[in-house]
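Visitor: Based on the hints, put chains B and C in the right spot on chain A.
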Amino acid sequence: MEGFFSVFTVELLQSSIRLATPILLAALGGALCNQAGVLNLALEAKMLLGAFVGIVAAFYLGNSYLGLLVAMAAGATLGLLFAFLYHKYKVDLVILAIAFNLIIAELTVFVMRAMLGNVGSWSDPSIQRIPNITLPLIEKIPVIGPLLSGYNIIVYFSWLATVVMFIVLYKMRRGRHLRAVGEAKGAAETVGINAVLLQTVALVIAGALCGLGGAFLSIGHLKLFTRNMTAGRGWVAIAAAMFGMNHPFGVFLASMFFGFADAFAVRVQAVTDLPPNLVKLLPYLATLIVLTAIALRTKLALSMARRRFRAQLRTEEATMPAEKPA
Amino acid sequence: MNDPTFKKIQDAVLVPLLAILSGLVLMGILILFLKKPVFESYYVLFTKGFGCEAYGNCVFISTLERATPIILTGLSAVVAFRSGLFSIGQEGQYLFGAAAAAWLGYAIHLPPIIHPIVLMLAAMLIGAAYAWIPGILKVKIGVNVLLATIMLNSIAMLVVEYLVQFPMRAEKSTTAHSPVIDESAWLVSFLPGSKWGVGFVIAVIAVVAVTIYLWRTKYGYEQRMAGQSGRFALYGGIRSDRSAIRAMLISGALAGLAGGIEVMGVHHRIMTGFSTGLGFDGLTAAILGGVHPVGVFIVAILFSGLKLGAQLGLQLKLGIPRELGGTIIGFIILFVAAGSLFQSGITRVRALLDKRQARRVNGEGD
Amino acid sequence: MTLAVEMKGMTKFFPSTGVLANDHVDFSVEQGEVHALVGENGAGKTTLMNILYGLIKADSGEVLIDGHPTHIGHPDDAIRHGIGMVHQHFKLVPSFTVAENILLGMEPNRLGFLNQTSENKQVEELAQSYNLPVDPAARIRDLPVGMQQRVEILKVLERKAKILVLDEPTAVLTPQEVNELIMVIRGLSAQGYTIIFITHKLVEVMMVADRVSVMRGGKMVGTKKVSETSIPELASMMVGREVLLKVDKKPIQRGEVVLEVRDISVADVNGLAAVSHMSFQVHQGEIVAVAGVSGNGQTELVEVISGMNTLDGGEILFKGIPVHETSVGERREMGLAHIPEDRMVVGLNLQTTLDENLIVSRYNHPEFTRYGFLLMKNIDALARQVVNAFSISAARPGEGISMLSGGNLQKVVVGRELSGNPSFIIANQPTRGLDVGSIEFVHKTLIEERNKGASVLLVSVELEEALALADRILVIYRGKIQGELDAATATDEQLGILMAGGTLDDLQPHPEVQP
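Residue numbers (numbering that gives the first Met the number 0), protein chains in the order written: chain A, 0 to 325; chain B, 0 to 365; chain C, 0 to 514.
The set of hints was computed from the structure by calculation and includes no laboratory data. Where is the CB? At the ideal position from N, CA and C, for every residue including glycine. Among these hints, one or two may not hold up.
Selected chain B positions facing chain C (Cβ under 8 Å, derived; list incomplete) [what the hints assert, rightly or not]: (1) Gly50; (2) Phe80; (3) Thr216; (4) Leu233; (5) Arg245.
Per label pair, the in silico range of CB-to-CB distance [as the list claims (entries may be wrong)]: (6) Ser128(C) with Ile166(A): 31 to 39 Å; (7) Arg313(A) with Glu332(C): 56 to 64 Å; (8) Leu16(B) with Ser404(C): 48 to 56 Å; (9) Lys159(C) with Asn193(A): 20 to 28 Å; (10) Asp341(C) with Met303(A): 49 to 57 Å; (11) Ala189(C) with Gly191(A): 28 to 36 Å; (12) Lys298(A) with Ala380(C): 55 to 63 Å; (13) Gly191(A) with Ser326(C): 46 to 54 Å; (14) Leu25(B) with Gln268(A): 57 to 65 Å; (15) Leu316(C) with Lys298(A): 53 to 61 Å; (16) Thr490(C) with Gln311(A): 55 to 63 Å; (17) Gly66(C) with Asn193(A): 29 to 37 Å.
Looking at chain A on its own, in the form it has when it is part of the complex (with noise of 0.2 Å):
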């Protein structure tokens, strides 16, 4: 059993943090989005473009920094296509994403063979990894030090966005406003709130923070660009906002109970013979557990006027006596 109690150390925190990030990026934008009242459901589509794009401009522009504002700015267009489509053509919003996701999916591979060399995966010695930062107070810290410093700028952007969207979906004006867009949309376009504009403003910005965790991946940490390199994430990320309910600091703990999992499951892999995958569908599984308690929780609500009417009608009929109407 000592095999197993070692799993659990330092760089396990680590890696799921690192694993995380990705995760929370996309998983913020896709909240941002639910909160607004548009599913997006592309965000697989939107990390995989910023993987791309950001590899391949931090190559050609020499800076992988560089690299990652393309891919964010790559992943915002994106958004603002998906916008477009949807209010002006109403297209279906699932739809929409699947042929987005396909679409990616298979673009970037065929760019990459028609301009880079018909390869699986495309790496370039030239393209510099995006460094890791030590934070020198921080670092000293007991116990917690090591988890706070030692990662690279993708991953304190993640953490400073989540503070970020906080503070602006919950103290701030705007986004008082895009919430209520989300909640109750003729609420807040009787009041005179441009509720088209503020859901594209929550896809554009979702695209950019997807194009980041894409880029995350190929620029910060395997510095190669491969066929469906984001494995699945953007799917994560869906469920991971549903599971924080789509509040900032609940997307936060579910992505890193995502990245733990994942972290985990490696780790499990290399030490022990248990199997992995088990571990991985957990979150999945807590995921469809939030989601049945939520309708659960809705249901009970409608019924609950029925019910306390049906009480009221027996403590009625017992108080009074039974006198029927000629």
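Guide: Then chains B and C, alone, in the frame of chain A:
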């Protein structure tokens, strides 16, 4: 009877047709960018996807074989959609069906003909069971079917991957795969050297069966009414809950069957990376095929042909990356979904044609 | 005295439904008065107010605010001119607090940052100044409906509205909350605000309005001072119509009790009583009309009898057998037929063919199904039979029905419901929106059924229809049977009073009204 049915077919077919044409035009444009020959590309694409070369060497056969699982998962989506449930769980049900067939293929030993039948029933059963979960959650609690099936797909992928890597893993294999199933379980193929066989026939039978089910049985009637107008169904006395569950069971069975056939007829085992998104392809076929079994059949073959043509033709012959095929298919979906793009054009052309016909009827000129 | 609002010649036609909602309507409101705009569902009152508030653009007509011709193309324009509207379905965000909702879109902020404390304080002061106390920090979804409405009113007052339009304000309130609202309206009027409220509840009109305008079928019927009119007069202005031809009715040969409703109670979506301890019986061979202004529980009553909704209290017996726990299908098997209020959404499925619409209540019968398969020939035969028997000229078996006229659609519904020889027919507003010919057809058919021995429960808001068809009339008000009249001897006046919540003892021009 002649005019209205013709118009109905016209309406159903026009937008997808225009979308496909637009997609092909887009493909031409992209090929131009690559400075590759455009018309030769089209030629190669179609001959390598749908054509026959030497006698008996028809690529079209491979296309039909590739289309088989897509037809079945597409039918699965059609049944679910037509009951009003937006289930995209075909991928997960497909995987479980494949796993079941793969396992029973080597775990039990039965004589030929019986063995595959048992396997298919098992695949259908497990697919139905897995589809029952989101169905009952929706009917009893009101859980969103779309979101639930997304989660269940991921869970299925992980569970099946685990099964392949551990309990079902064949001894001493570097890439995980299950033992090859007994030959008695293999689906017969019609031509030597090709995997096209009984599986395709089953898919065709399924197309007919689903069509009959939806429009000629009372169960299909129930679910269609419930899917189109819930209030009307309640008012008329239809038990929508029951018909929704029934629809999910059938939907799951079809997707599970797809997985089973893929194992029994093509790979003869299950391995890592078995999931290639065929569930989603079926979904796409359903949407583009107008949520109709015959539409699914046509679109599935079309897509498989395009993909194969892109792979064997564009890539091998002209050096154009085969991902172009998948890209164009994605754009076609987009064009169909944004159908209103075409709508104004269509109405204008129709108006023009009507005016011309009216003039003809009233006598030329005037 | 200048007119706060003057609308001249307003006309609005909705091509999508083919309805002329407003037909050259003239409407004017004096400054500082409380003006009620009444009419049945579909009379056009909400459309008129939506035009005033800029939610809809009129086809023609002129709007003057304080004597100045004004163009209102958007709610923002209306707000700028001091018009505030409280909609029937509240425009509130359930998870937000009272203060957040009231200040939505106009939150005080520093560089975009909100300050919850000062928002609450601002709302607190607002509420005090109008004497409409609210808890600024309470969440809307936790508040009772009456309080939510108060938040809506404060919302429009905060935006400096001088003219308040309330759309069906009392529809979802308890009687207690209605009284509170009336006090609020009186208070605001005393402070100089102009209040227009849309309603079809005449008792409240008499209690709080200064003048009342009645609309019917898209036209303005007339405007009266409340002190110079009465509930029966308003009631008949609301629902009166050209006299229909009296239909030939054999003298009643009443048989056994077919339907008995015993002390039933049904809650509406908000948990309030829509039907309250109601009891009555319907016999074989008679037509019983449930007459009343719509919104008094008719919908819920029909739903529980047909089985589309569950009963909260009491029992329903069909031919002596308790049915309140049985399904719609089972009741239909027992001989119950239902012509619903909404033929396009409930009675028919416009997305499918005539045949499939006709078999919805009977597809399980051996006549139409064997071993699970539909017997298409028999279904087709049924379709032909119904089309012929009911002369539905435009309908063809095997084809869609979405293009049929209202009258023909209703014929399909009636044809289906009656072709199974039902013993009990619920007819809920069966002639709504139909042309004269179709109305005659429906009436003739219902009488025929009654003469054959079937029972008919007719729910209608048209007094003339109830009088012409029914043997007995039950007047429904606020979920109770207010009174029963013999159709042969009932007078318009009696009906009018009962429909407005009075009793038959109050046969005076100005009934006593309880505050």
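Visitor: All hints, please: hold or fail.
Guide: Against the structure, the hints come out as follows:
no.	hint	verdict
1	Gly50	violated (40 Å)
2	Phe80	violated (14 Å)
3	Thr216	holds (5 Å)
4	Leu233	holds (6 Å)
5	Arg245	violated (11 Å)
6	Ser128(C) with Ile166(A): 31 to 39 Å	holds (33 Å)
7	Arg313(A) with Glu332(C): 56 to 64 Å	violated (31 Å)
8	Leu16(B) with Ser404(C): 48 to 56 Å	violated (34 Å)
9	Lys159(C) with Asn193(A): 20 to 28 Å	holds (22 Å)
10	Asp341(C) with Met303(A): 49 to 57 Å	violated (27 Å)
11	Ala189(C) with Gly191(A): 28 to 36 Å	holds (30 Å)
12	Lys298(A) with Ala380(C): 55 to 63 Å	violated (44 Å)
13	Gly191(A) with Ser326(C): 46 to 54 Å	holds (47 Å)
14	Leu25(B) with Gln268(A): 57 to 65 Å	violated (43 Å)
15	Leu316(C) with Lys298(A): 53 to 61 Å	violated (31 Å)
16	Thr490(C) with Gln311(A): 55 to 63 Å	violated (38 Å)
17	Gly66(C) with Asn193(A): 29 to 37 Å	holds (33 Å)
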